[in-house]
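Engineer: Starting from the known structure of chain A, fit chain B onto it as the hints suggest.
Chains A and B are the protein sequences, given in the same order. Numbering-wise, our numbering puts 163 at position 174 of the first sequence, and it's gapless, one number per residue. Numbering-wise, our numbering puts 239 at position 250 of the second sequence, and it's gapless, one number per residue.
I should point out that these hints are in silico values taken from the structure, not numbers from a laboratory. Please note that a few of the clues may not be correct.
When chains are identical, the list treats them as one kind, so a pair holds in a single copy or across two.
Claimed, not checked - In silico PhoX-like cross-links for lysine-lysine, where the CA-CA straight-line distance does not exceed 20 angstroms:
no., residue 1, residue 2
1, 23, 289
2, 245, 220
3, 214, 190
4, 102, 48
Given next are the chains, with one letter for each unit.
2 protein chains.
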Amino acid sequence: MAKYILSDPNFSDGKRKEVIDQIIAPYRNRPGLKLIGYEPDADFDRLPVELLGRPEVMKDAILESCAKAYELIDMEKQTGHHPRIGAVDTIEIYPAKDVTIEECRELAEEIGKEIFKRHQVPVFFTGKNARRPDREGLTAIRKGNYEGLRDAVLKDPSRAPDLGPAKLHPTAGATIVGALEQHDAYFNVVLDTTDVAIAKKLASYIRGRTGGFTNIQGTIGLPNKHRRTGKDVAIISIEVSNPLQTPLHRIYNLLKAEAARYGVNVLAGQICGTIAAEVLVQTAEWYLQLEAINGPWDYKTQILENHLLELEG
Amino acid sequence: MAKYILSDPNFSDGKRKEVIDQIIAPYRNRPGLKLIGYEPDADFDRLPVELLGRPEVMKDAILESCAKAYELIDMEKQTGHHPRIGAVDTIEIYPAKDVTIEECRELAEEIGKEIFKRHQVPVFFTGKNARRPDREGLTAIRKGNYEGLRDAVLKDPSRAPDLGPAKLHPTAGATIVGALEQHDAYFNVVLDTTDVAIAKKLASYIRGRTGGFTNIQGTIGLPNKHRRTGKDVAIISIEVSNPLQTPLHRIYNLLKAEAARYGVNVLAGQICGTIAAEVLVQTAEWYLQLEAINGPWDYKTQILENHLLELEG
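Chain A on its own, in the form it takes in the complex (with noise of 0.2 angstroms):
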């Protein structure tokens, strides 16, 4: 059987084209590695990229690429709104087809080790390699981004990173580094309102941390626009981290629900980059209600695309 996974690295570089095209070389042409894609920021100044591939494949292009974005990027001169701590700010690593969520916490302890070994940049673990519970997600580490770590971390011992010295790299940072069971899903929620204090105050509603639905921290609410009439919106910008746990029917239909107190209709629902066909199959399972002929609806033998991935392997 062919193992394969999933990693999607963020790099804090959204701006400079000759960078991004030596960050995102090592991911070409490369056999048994697919670039699915990459989408520069320049507002966030973050390049985040999505790749599927074998592991050992996967990880000697990461850490390439790696090795460019310590040489090419200078923290002290990166200016992102986007939450970072490093030149590599992440690489999160899921299973995609038979491997286990062991093997991908091996291999992220693998890539972890490197990076310190190579280029002395610290490395904070997280997911299923967080040597905390509270660096299990990436709120905790993330705290006062780059330049809030970088002087907290000269005096406060609960954040120091779990490879290296209690310092940051004087131009790369830190890297965060960890196998997740589940890719995120990025899921907008798009608004029949310019307000987006409406849009803020509904994003409180389906985070975690004010109440919410536990697979949902980041949630943001901003301008934006409804791609189908080009009208100006408000939207809900959220990131699911166990879409098959917190269904994205359900965050859309409580977000209609709640909605309709301001007199606000939903538009659209707007998914950013790619998602396991299982998570939108689970919102046509809820809307059809669907059952099999002899029993339970059974995605794992009715869908056409998982015997076929079989008799690949």
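Structural biologist: Chain B alone, transformed into the frame defined by chain A:
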């Protein structure tokens, strides 16, 4: 790129275990072929099989299996309620991965010719292999079923098979072979009533022939059970020939609205066998009004499994 096709041959014995086992045997333990499933139905006296595999392997396996069926099933003794014309009733071929419909058409052509050559069983070509427009679907070919066709073929030249003389095989009847773009979806809609007359009425609203959807030929109203509650119910059993063009949510919503006219709720949708993920993702896309961040929702690039299948290819 590894080529894969899908096929769902139907054999006319749903009762005799020893016969069913011999028909299924050629599909087991064959590298490059996966027997997705088979569900003998004693009432219908019919054995539907679902297969996924490489074209050449599939062709050999189907021909071996047909040889057994022609040897073991006598249509003069078979008594099924399901429309059928032979021991091997239909062999339909669909593209599953990296195969064109033209390649499927050629494969169906070869299978049909081999069947006539080896067994002198007359063949009717359907789908993309149809010699006449009225044979693109099964209804005209199967008119009168085995018994009706056996007599009609002797006197009505318009009922003659495409391969073979104008008479059926004395025990094996005739076989329908053809390539189709899209696997039918078998979709039942479960009504909260035991009144089958209402189900039949609603079935007529969606059937193409009586003013409904062009992609729905077969629909029936039947007594059944709701799997989730065990309640006795009536179902509308629907065969959708192109569920990407006539999506399940549109059928479901129309039936919901029409059922309300009779004071009846829709309890569930039931899916029989496998379905392409895209069919259900399309329902989610509609329900969540999906867009991508930078444009329209794109099934091809935004579903992880598509990238995985490309890498594996």
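Engineer: Hints first: check each against the structure and report whether it holds.
Structural biologist: These are the hints, each one checked on the structure:
Within a single copy, residue 23 and residue 289 get their C-alpha atoms only as close as 25 angstroms, which misses the 20 angstroms cut-off; across copies the closest is 15 angstroms, which meets it. In the homo-oligomer, the alpha carbons of residue 245 and residue 220 lie at most 20 angstroms apart inside one protomer (18 angstroms), although the nearest pairing across protomers, at 32 angstroms, exceeds that limit. When the C-alpha separation of residue 214 and residue 190 is checked against a cutoff of 20 angstroms, the pair qualifies only within one copy, where the shortest distance is 19 angstroms, while the shortest distance between copies is 44 angstroms. When the C-alpha separation of residue 102 and residue 48 is checked against a cutoff of 20 angstroms, the pair qualifies only within one copy, where the shortest distance is 12 angstroms, while the shortest distance between copies is 52 angstroms.
The earlier numbered hints are all upheld by this structure, with none contradicted.
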